[in-house]
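A.B. asks: Okay, here's what each chain looks like letter by letter:
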Amino acid sequence: MLKIRSLRSYYESMCAVKSVSLHIGKGEIVTLIGANGSGKSTLLNSIIGLVAKTSGSILFEDKEIHALSPSVIVKMGIALVPEGRQLFSPMTVYDNLVLGSYPYYSIKNRQLLSRKIEWIFELFPVLGERKNQLAGTLSGGEQQMLSISRALMSDPKLLLLDEPSVGLAPKIIANIFKTLVDLRQDTGLTIFLVEQNVGLALEVCDRGYVIETGQIIHSGEREELTNNKEVLRAYLGRE
Amino acid sequence: MPVWNEKYEKMERDELAQVQLERLQQTLIRVYRRVSYYHNLFNKIEFDPHEVSTLDDLKKIPYTTKDTLRLAYPYDMFAVPLREVVRMQSTSGTTGQPLIVGYTKNDIEHWTDLTARVLSAGGVTKDDIVQICFPYGLFTGGLGFHYGAERIGGSVIPSSESDIENQVIIMKDYRTSALVCAPTYAALICDELEEKGISPAELSVSRGLFGAEPWSEAFRGEIEESLSISATDNYGITEIIGPGISFECEQKSGLHISEDHFIPEIIDPDMGDILGPGEKGELVLTTITKEAYPLIRYRTGDLTSLRVEECGCGRSFVKMDRVFERIDDMIIFNGQNIFPSQFEQILREVIGKTPNFQLVVSKENNLDKMEIQVEVSGDIFFDEMGKLTDLEHHIMNEIENRLDFLPKVKLVEPRTVERSMKGRRVIDRRYT
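In the order they appear, the protein sequences are chains A and B.
Note that our numbering has the first sequence beginning at 1, numbered continuously upward.
Note that our numbering has the second sequence beginning at 1001, numbered continuously upward.
Just so you know, these hints were derived from the structure itself, not from any lab.
Hints may be right or wrong, so weigh each one.
Claimed, not checked - With a straight-line cut-off of 20 Å between C-alpha atoms, the simulated SDA-like cross-links for lysine to any residue are:
1) A:Lys108 x A:Asp95
2) A:Lys229 x B:Glu1109
3) A:Lys229 x B:Tyr1075
4) A:Lys63 x B:Arg1013
5) A:Lys53 x A:Ser13
6) A:Lys26 x B:Lys1010
7) B:Lys1105 x A:Val231
8) A:Lys229 x B:Arg1033
9) B:Lys1060 x B:Ile1267
10) B:Lys1105 x A:Gly167
11) B:Lys1007 x A:Glu223
12) A:Lys229 x B:Arg1034
13) A:Lys229 x B:Leu1082
14) B:Lys1105 x A:Arg233
15) A:Lys26 x B:Met1011
16) B:Lys1410 x B:Phe1333
17) B:Lys1007 x A:Arg222
Stated by the list, open to error - Derived Cβ-Cβ restraints for the label pairs, each shown as a range:
18) A:Glu203 x B:Ser1206: 43 to 49 Å
19) B:Asp1056 x A:Glu203: 35 to 41 Å
20) B:Arg1013 x A:Ala67: 24 to 30 Å
21) B:Gly1314 x A:Val181: 56 to 62 Å
22) B:Val1003 x A:Thr179: 32 to 38 Å
23) B:Lys1126 x A:Lys131: 51 to 57 Å
24) A:Ala67 x B:Glu1309: 35 to 41 Å
25) A:Asp186 x B:Arg1083: 41 to 47 Å
26) A:Gln133 x B:Asp1056: 53 to 59 Å
27) B:Gly1314 x A:Leu59: 22 to 28 Å
28) B:Arg1013 x A:Glu223: 23 to 29 Å
29) A:Glu223 x B:Gly1314: 22 to 28 Å
30) B:Arg1013 x A:Gln185: 28 to 34 Å
31) B:Val1003 x A:Asp95: 52 to 58 Å
Since we're looking at a predicted model, the values are computed, not measured.
Glycine included, each C-beta is placed from N, C-alpha and C at the ideal position.
Turn these sequences into a full structure, and let the hints guide you.
C.D. replies: If you want it as structure tokens, here you go:
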């Protein structure tokens, strides 16, 4: 579904992603593991078109998307749940969701829009309860649910998640991840998960890549990563 | 025939290229960071592993030779600390100092999967009784196949280096259905069966998976007939991983290289130039999943050629021709390059089947001398002496005609020529 070949991306003037190649198959949950500043977010932002200075190739469903604008990329079926949620705090839950539907939003499509929103409220009932509340007044967990939901409103085939677990209680994280895994099961959604919480990422992923100072140094199925003592030592603090 | 790992073995070529590029980039960065030899080499040639953007960039790196590995003995080529190594194997050291090859947990997992592919392609399933007569020790053949056969779920008999009489008893009584060994060892088993008067009909064996030494198509025919089995070839060298690098499928038309783990190239052994598909040269391999002992562009010393073609089995992996010549089996005899396989061919033509033979090379008055010891079936010794001498002369003449020198030929009784499990056919006494 997604094939990245020898991607280089710059964060300001620094080369944050150096010759990275990776692929994600349809329906897979693939994780990218790495420390702070290893280039994870730059890589995600490059996929969605938010990084201006890049070279290499990014194929999405065999079409080159490198250097396309984010709005085009979102229309093609990729959505990003950004780090720090980036909600529109002074707007309501409902309005945040409507904003997520902009790739297909039109008066004619109102029915589709309300079906989508109903579906979101089934996935995360708490958002339904708070649909007229301002996004900024939600709890951390609810904000994360809203951020994911807003991304799902664009009807993506590939969902990119940047550190969704940051600052959340373990129980809430577990709920959110369960919803994502179920979503993959039910709809065939493909997920690329960037996480610092490596233990969690390795629990839900099928495969993963390990990034260090902008380079991928390991990859493999989940078992291969958990067999790798270096990964365990560096990211889980155990052997 | 079953395909053990459909996802990779039948992967589309462009997807395979993606997997290879990802794994190559990771491997090059790891060896640059962790193996001082590669770190210094890359610096010296100003090769930046972070700049690798295509598979072709690999060609910028010089070859790694066995001499380099010897200098790094015991652990200098390891890319992980020893506490991450869960297994050591070793080369036999028949051509010099032995080498230590380490494996991490993942390396063992991959290796197991690779030998499982070999066995599956040769027709082995969970219903088989698999007798493995490779030494279980530092040599990779025994343990390598053992793990793969167990993973498939076969009933594995680790008969290892048990003596030949015992092997045959096991084969018959345990109802072995798949035999895994070196081809010369299979020949030895045939001899023993003949001697004991056991016919193939009394055995359950239906498949032979032979490797670890070169063997000819003619020999395949003979062994398939005498044991009434289907025999497939497989290839591996310890430095790279052991058995499991490449294997024949049911088509028996070349050995598929597991390209999701190894990138093959063919080079001119003298000049080092890269040769194209179909051209015969030395096999060079790069490991792209190995963690403990990764090698970049390692010269195997084996001569073969590569073919990218559709195979009836559906596998997309490139095929290499069967290896008949090892560069390090070559004898320089009075300035002439000679391969034992050339003698095998001549002897087969003269005698009608491939005999067990050995070349003993020595020096007299600064000239190289060769004695060929050939085993011939016992009954010929009961005939008149004349026949023996005739046969000797016949062999000598053929060799003189084709190889342009006159060796001494000695016909000996069966099993007087020492057979090694690795089947080396040259004893070189010139330098001792």
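A.B. asks: Tell me the numbers of any earlier hints that the structure contravenes, in ascending order.
C.D. replies: 10, 21
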